[in-house]
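Please build the complete structure, drawing on both the sequences and the hints.
From first to last, the protein sequence lines stand for chains U and W. Numbered by my numbering, the letters in the first sequence go through residues 1 to 130 in order. Numbered by my numbering, the letters in the second sequence go through residues 131 to 759 in order.
Derived from the structure by calculation, the hints contain no laboratory data. A virtual CB, placed ideally from N, CA and C, is assigned to each residue, including glycine. You can trust all of the hints, since none of them are fake.
Derived DEER-like restraints, expressed as beta-carbon distance ranges: (1) W:E413 to U:G51: 46 to 52 Å; (2) U:P118 to W:H638: 40 to 46 Å; (3) U:P130 to W:G734: 14 to 20 Å.
Stretch-level coverage of chain U by chain W, calculated; a stretch enters the list once three of its residues show a Cβ under 8 Å from a Cβ in chain W: (4) 48-57; (5) 96-104.
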Amino acid sequence: MTLRQLRAAVLVAVASIPASAATAQTQTPPPVETSAPAPAGNAANGKVLYGRIGCYQCHSEQGQGGTQGPRLGPKPIAFQAFLRYVRSPRGEMPPYKPKVLSDKDAADVYAFLQALPPPPPLSTLPLLQP
Amino acid sequence: MVGAATLMAPADVVGAQQTAPPETVRPPATPVMTAAAEATPPAEDDVLTTDSAGSDFMVDVIKSLGFDYICANPGSSFRGLHESVVNYGGNQKPELITCCHEESAVAMGHGYFKVEGKPLAVMAHGTVGLQHASMAIYNAWCDRVPVYIILGNYGDAATRRGAEWYHGAQDVAAMVRDYTKWDDTPWSLGHFAESAVRAYRIGMTPPMAPVVIVADGPLQEDGIKDQSQLSIPKLTMPTAPQGDAAAVAELAKLLVAAENPVLVADRLARTPAAMPLLVELAETLQAAVIDKGGRMNFPSLHPLNQSERANAVIATADVVVGLEVTDFWGTVNTMRDQQHRTQRPLTKPGARLITITTGELYVRSNYQDFRRMAAVDLAIAGDGEATLPPLIEAVKRLVTGDRRRAFEERGARLAEARRATLERARLAASYAWDASPVSTARLCAELWAQIRHEDWSLVSSYYSDGGGWPRRLWDFNKPYHWLGDAGGGGIGYGAPASVGAALANKRHGRLSVAIQTDGDLMYAPGVLWTAAHHKIPLLSIMNNNRAYHMEIMHVQRMCNRRSRGVDRGQIGSMLSDPNIDFSKLAQGLGVHAEGPITNPKDVGPAIARALAVVKRGEPALVDVVTQAR
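Pasting the structure below:
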């Protein structure tokens, strides 16, 4: 029962903070910056990192987003804005400091996001028609 | 095995077999099961049978309250009542539902109430059963749902046998008194009748909550001395408290004059009458509505439903009305979950904040479910649903032609925003469409395609709603389409509450559908057996992300704050290695099941096959391995 009560308490604590939908709303990506080019990254390594360091937890396995985090790719925001947000998020996202995620690793994750496939055209998906 | 008391008896018997029968003119206090003792005729004053039992009268009382079902994991402290339910009561109204855990029994009552609008009864041991049940009682308390709990107890220490000491307590209900609305321990049958009816009234009067009646063991088992002295009080339900008329008139003025009023509904819909009332109020004002989902308050596709852009409409509102909102502070403010917690209002300066809630009428101290206190301009103590009719009338009286034109322009803007939100949701659902594990959007779209033309009811909790996709994509427009959440956030609610809701829907011929999460089901999966045993039709689709994913996110947050490794946050929260085979688990409990399914193309056909089973009146489960969110 101790663990169960603890889990309940944790969940109540979460519920007292912004609701899940609201949480996603507060995580507004920073403005797009186009001045700095994205560094070359290793998308394959980025895919591994994306899972290992927990990006998928809020943004889902293919970066499509969820109730806890917005969609990240394909066509992510500019790399410098991406990196700045990863280091010092303005919303609910946990920060990834250089001590635990190097710029190179961040570039690899970014490359993975760039390489994500586009979705099939909405018109080809009968289940998503109104 | 029927209970711990039976389990304890052999120890007494073994000891008795090694000693000669006592030479005494009085019968022994405990039965001595030797052959010699069995063959000895009972003394003339040794009463072995009875023609009536106190628990028969208890069943009369229970029947008078209109219970259709009584859920229980069997236990010796209520054996008298158990026997009366099945024999004296004919096992009808209430019918005994066999549960494998007291938490399941109470959570079934929780889910049942959400559909039927009336409680079911639960029997449990006063000690060991109540301790199992306590988490589910806390959920029901936090959700302001009445569950009617009858606890067996052996109060008289002079007559207790072996295990009855473990099943006896001085004050049985003490351990749940902080999160029940009322309890009593009757010491006579007349007392039982009065308190049982009183408990029903108290539990069902808003703000509703669980209640407890202790059924003393000897009171159940002893004969009735004089039936003519017993009567059952007439049950007359109090009317729900309505908000003060002057305050309602003031609110109506604010709403009609507002440029951007927002109606926020949470546990508003106490009965099926509430949704049409909220629609009428919203359409009269052409006001934005945020349905926070504590109940099924507002049609999901209604043009005024702005729930998916709640923060945006709150930010531009000049009047925000909270209708039975559990966390109004959190509706109009936000607090970041970072190392330094910062907070800020979501509303613009000068916005008028109003609440209507029965939360003002009954507050307990210890557990903090009353949430943070919000600074409001007008606080109306009363039931939200009961207060809507006079509020609608007052608003209609004040609407002028000019205001009506302004309302129509506002409504057109909101309708366009709603249309755009829906379009974005469909587009968002298309991402990762063919991914494996299956995206939660794909799962919900596949399920919706199978049920949309049925008379369906989504009976699972918001923890298992598939990342919010049902409410983003499906057409919720009937009171039973959505039942809200667990209340207290205690995991383990989803599966039994779904079965309880399905039990209620069965009578109405509705298709009960649960999006069932893996962590939730692992608390007490025996409830699937209850569904199979009692032939409760329920279509369970597993949203199986093989983790306690919310907890992974919490630990990940701690990892990141402390910057000493961000790749171990999953340890302790994964449900893999080995992966749980929910299909085999369900099959072993007598439920049709398929899976695990990892290819999204296989989801739809599997659901179709399971649906055919459910339409035959049985439960079925499809295990789909899904993405984390």
